[in-house]
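Peer 1: Add chain B to chain A, keeping to what the hints say.
The listed protein sequences correspond, in order, to chains A and B.
Residue numbering for the first sequence follows this note's numbering, starting at 7 and increasing by one per position.
Residue numbering for the second sequence follows this note's numbering, starting at 7 and increasing by one per position.
Mixed in with the good hints there might be a few duds.
[What the hints assert, rightly or not] In silico DSS-like links for lysine-lysine, alpha-carbon gap of 30 Å or less:
id	chain 1	residue 1	chain 2	residue 2
1	B	163	A	163
2	A	163	A	329
3	B	329	B	344
4	A	163	A	344
5	A	329	A	52
6	A	163	B	44
7	B	329	B	52
8	B	52	A	52
9	A	44	A	344
10	A	329	A	344
11	B	52	B	163
12	A	44	B	163
13	A	44	B	52
14	B	44	A	329
15	B	329	A	163
16	B	344	B	163
17	B	44	B	329
Source of the hints: derived by calculation from the structure; they are not laboratory data.
Protein chains: 2
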Amino acid sequence: MNDLFLRACRGEAVERTPVWMMRQAGRYLAEYRAVRAKADFLTLCKTPELAAEVTVQPVDLVGVDAAIIFADILLPLEAMGAELRFVQGDGPVFPDPVRRAEDLGRLRRADVDATLGYVFDALRVTRRELAGRVPLIGFAGTPWTLAAYLVEGGTSKQFTHLLEWSYRDAAGLRRLLDLIAEVTVDYLLGQVAAGAQALQLFDTWGGLLSAERWREVAAPSLVRVLEAVRQGAPGVPLIYYVHGGAHLLEASAELPVEVLSVDWRMPLSEVRRRVGTQRVLQGNLDPAVLLGPIADVEARTEAMLRDGAGGGHVANLGHGIFKQTDPDHARAFVAAVKRLSPALRGA
Amino acid sequence: MNDLFLRACRGEAVERTPVWMMRQAGRYLAEYRAVRAKADFLTLCKTPELAAEVTVQPVDLVGVDAAIIFADILLPLEAMGAELRFVQGDGPVFPDPVRRAEDLGRLRRADVDATLGYVFDALRVTRRELAGRVPLIGFAGTPWTLAAYLVEGGTSKQFTHLLEWSYRDAAGLRRLLDLIAEVTVDYLLGQVAAGAQALQLFDTWGGLLSAERWREVAAPSLVRVLEAVRQGAPGVPLIYYVHGGAHLLEASAELPVEVLSVDWRMPLSEVRRRVGTQRVLQGNLDPAVLLGPIADVEARTEAMLRDGAGGGHVANLGHGIFKQTDPDHARAFVAAVKRLSPALRGA
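Chain A with its partners taken away, still in its complex shape (with noise of 0.2 Å):
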């Protein structure tokens, strides 16, 4: 049994790094496109056999340290009523935003085993394929990051309408982020139920807020969130990750959380030492240094765990692998931190 990354997440001495990588179940695997070519993206999410096959290959493929569930973070949005379509090119679609509090009477607290069994499903059937080899991470987007597709009708360049209503409605708006956080959780704890080892809350948007108004409109949510989660599962490592937010450290270092997961735009040591070093640090290479030469891959990681030994780390990257990724990179990058880090921890 491969417990490392636990180990780690849990700030335990670890005889080197673990490593994984944010969208390592994707489509950069020419193994994944098989699996995709059978079914579209939704049917794929819902299908636990084929959700679980996509999710354990990097771990046979490329040598990670922890598998994470393929699922996507909107899928509880369409459990609470909100109808979602993945266009091709396009990415996800709300064709009816919600937009102001009298819209929220089409949203409903889902029951999350009626609406999204289907993900427990995957993790059960994922625990037995991977049978101990590595842990099996779950995880949720964040209240305000949900919020801010759905408010939108899909992705957005500026998210003029979520904003608007936070000025112009700020009770409205945490309506809607209340709810949502009551669904998250039910549905953590029913992943963890199902088998999650660990679970990662991502805020792909939180970084459109000041870490004044992220404290004020963003994280009370969160936070119910992870108080809720962590009473209802105790032991189970929660991981925080933001985009952009190289202005919501100190803000993030006040959550409730063991690892605060960091894009590539800051040095992991510069983390430290705003933070401090009680947490454990998650990331953080440029997923573009998987574009450029192997050994540059190599030099890059090397650099990325010698900034990152002043505390506990787990090696991921800053954000989600690039597509176009030839898998050999990927591999390398997984390699050198299994060969480099042992005698970097702590130097």
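Peer 2: Okay, now just chain B, sitting in the frame of chain A:
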């Protein structure tokens, strides 16, 4: 002659804080939309009388303390030989992206008088129409940001091609950046000769890079531009704006500019704490505030002025004004700066 903006940029003591807004000549104004109904976007850019007309509109209609010439940062790339289209809803498109050193042969060092003379003409017409009421700002994109669009073929979520090139062939990309820099120097000096009294460099995509990589990849060509313009147009204040650059603050404070224009994500007081009080700061009200109630616009503008009072300050938004903004809210912002700042200077 209202030269308040220029004096504030130079760090002189001023009687009140000057104020203007990024994208102040734009779609939130019915008067702009009326002009735009007569001409497509590129035609508007290339017709000096029309460009001058929309440049002056916010001075008359909103009461800002500076005008900024109506143009697009991508025009110099078209002048260099890249075909540029503006597709309704999709923004700028370069149908033939430049993605490797071999593609550089398709670009030429543009003769800016022959290819961008319409911008110079627009500046001359605007200066005449302003008749000294407020100063006129010229601008350009940074070489890195222009390259971002040219390499991707338009805007992008992740700028994979650009980043890939930066790791695969740093020297080749540097040649592109240097070529853009040469044209940008001529273009900015031409703007000054035609009447621009201050120059802003827009680095929309600088924030994609870590500080180390920004210094290595993006900064050298930008510094070359700034130094050449400084030498060719001494006394003209230079302003650097980077979007999403909280992690680049210390690095960008090394640039030879008078003014750092910062987005809404970080309080001005914290920016000063990190970069010192030598630089004048420009910004940084969240443009989404203008979508909320006027009482909130006024309260948050006052808070921003108090926060920025520890040194030289030019009031602005932290990003371009949203097209959905009610002009009355823009006027409330400008009026609040004028009304409140005299008492708050040095508060």
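Peer 1: None of the hints should be skipped; say for each whether it holds.
Peer 2: Hint-by-hint comparison with the structure:
1. B:163 / A:163: The given pair, whose Cα atoms are some 8 Å apart, holds under the 30 Å limit.
2. A:163 / A:329: holds, 21 Å
3. B:329 / B:344: The given pair, whose Cα atoms are some 23 Å apart, holds under the 30 Å limit.
4. A:163 / A:344: violated, 38 Å
5. A:329 / A:52: holds, 22 Å
6. A:163 / B:44: Holds, at roughly 27 Å.
7. B:329 / B:52: The given pair, whose Cα atoms are some 22 Å apart, holds under the 30 Å limit.
8. B:52 / A:52: It is violated: about 52 Å lies between the C-alpha atoms, which goes past 30 Å.
9. A:44 / A:344: Status violated; Cα separation ~34 Å.
10. A:329 / A:344: holds, 23 Å
11. B:52 / B:163: Between residue 52 of chain B and residue 163 of chain B the Cα gap is close to 29 Å, so the pair holds against 30 Å.
12. A:44 / B:163: Satisfied, since the Cα-Cα distance of roughly 27 Å is no more than 30 Å.
13. A:44 / B:52: Status violated; Cα separation ~51 Å.
14. B:44 / A:329: Distance of about 43 Å is beyond 30 Å: violated.
15. B:329 / A:163: holds, 13 Å
16. B:344 / B:163: violated, 38 Å
17. B:44 / B:329: holds, 18 Å
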